[in-house]
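Sequence lines, in order, name chains A and B. Each residue of the first sequence is one higher than the last, beginning at 1 in our numbering. Each residue of the second sequence is one higher than the last, beginning at 1001 in our numbering.
Rather than coming from a laboratory, the hints here were simulated on the basis of the structure. Please note: incorrect hints may appear among the correct ones.
[What the hints assert, rightly or not] EDC-like mimics (lysine to aspartate or glutamate), calculated; alpha carbons at most 16 Å apart, straight line:
#1 B:K1009 with A:E44
#2 B:K1057 with A:E96
#3 A:K3 with A:E61
#4 A:K73 with A:D55
#5 B:K1009 with B:E1075
#6 A:K3 with A:D26
These are the residues of each chain, in order.
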Amino acid sequence: AQKITQTQPGMFVQEKEAVTLDCTYDTSDQSYGLFWYKQPSSGEMIFLIYQGSYDEQNATEGRYSLNFQKARKSANLVISASQLGDSAMYFCAMREPLTNNAGNMLTFGGGTRLMVKP
Amino acid sequence: DSGVTQTPKHLITATGQRVTLRCSPRSGDLSVYWYQQSLDQGLQFLIQYYNGEERAKGNILERFSAQQFPDLHSELNLSSLELGDSALYFCASSARTGWSNEQFFGPGTRLTVL
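Next comes chain B alone, as it looks inside the complex (with noise of 0.2 Å):
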């Protein structure tokens, strides 16, 4: 256990509609990091979010935006959903922004496009 966690763990829903995934970093991690795996793509930065900055983006869609909150949690919201979107979307936090710090990632949001 990493102590990322991330809800839901599967979501299913259609096209067109928009979600929100959401993570909880492990306890005193400041940043959080937004990953997608794909079968055509692999795994994909997305997003980096530090103390409630926005800190790096990556190859992320522009109906796809994120947050990271107070209390340090953060969101991700997919919205205007496509076939191409499924995926398994990770989170990771880290507990600085220090590049030698290991990401610990979260068990996944699996997501699911009909």
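So that you can see chain A by itself, here it is in the shape it has in the complex (with noise of 0.2 Å):
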């Protein structure tokens, strides 16, 4: 079953405007983490934001800032005032505690790939 889902293949967005993308997961455990990463043309994954499942505040890092709705089991991120260098792949990830907590690995959803019209 898929964990971590990306509606959004494509989005445009003019520069200066803000911009959501979507992300929403499943999972059983009460404490796991969401995180966010940029992977520009060059290919490199750059981290963006983090939040907690326990964090009671959305997380915020610059322009970046994490819509957490753990009802919904959802975690968008919003980038305000959208800029040409902000046009890559995003990626949504989940770390989720194995059992006896020996491994943390991400498990990415498809991405989505934001474009930035000047």
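Make one complex out of these two single chains by using the hints.
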């Protein structure tokens, strides 16, 4: 079963406007972490923002914020004041603790390609 | 720059061959993770090592193996290569195994199997 779903394969946004990238997840654990990564055309994976399942406040990092709705199991990324350099693939990922906390792999969604128009 | 280094950046080889991908984690990070990114499978976790020991295994084929050395660098060995093994292979590292720690990714090794 797919654990991370990103329903928007591609999106356009006008430069300087805000954009929301959707992410829903599925887990039966109470403790988990949610991450967003950016992958520009050069290929590297850049960590953007993290939200813990017990965090009461939505995470923010500069122009990035995470709209965390635990009951809906959604963790949408909001990018404010889009810039041309924001054009990239964006991946939502989840970490669930294994039963003995031995490993911490990330499960990724399929990604959303964001294109910022000048 | 994440601080994670991977070599080589590109690798072109033939079916049936064996290759080794190398990763050096960020200074002080004890955990190393390997991921495969392909067009049909997306980004998939392969295996994790923590301070030299295997900690978690994902969708890693039996033809693939990995290890983490005492200096904490890691190598991913891919053998009997098939066309479908062509992918971008990422190494990531984190400070501990705690589930709240973010993973920092290296630039990746792009493997092309002809």
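We went through each hint and held it up to the structure:
no.: 1; hint: B:K1009 with A:E44; in the structure: holds (11 Å)
no.: 2; hint: B:K1057 with A:E96; in the structure: holds (14 Å)
no.: 3; hint: A:K3 with A:E61; in the structure: violated (25 Å)
no.: 4; hint: A:K73 with A:D55; in the structure: holds (14 Å)
no.: 5; hint: B:K1009 with B:E1075; in the structure: holds (14 Å)
no.: 6; hint: A:K3 with A:D26; in the structure: holds (5 Å)
Taken one by one, the earlier hints fail for this structure only at number 3.
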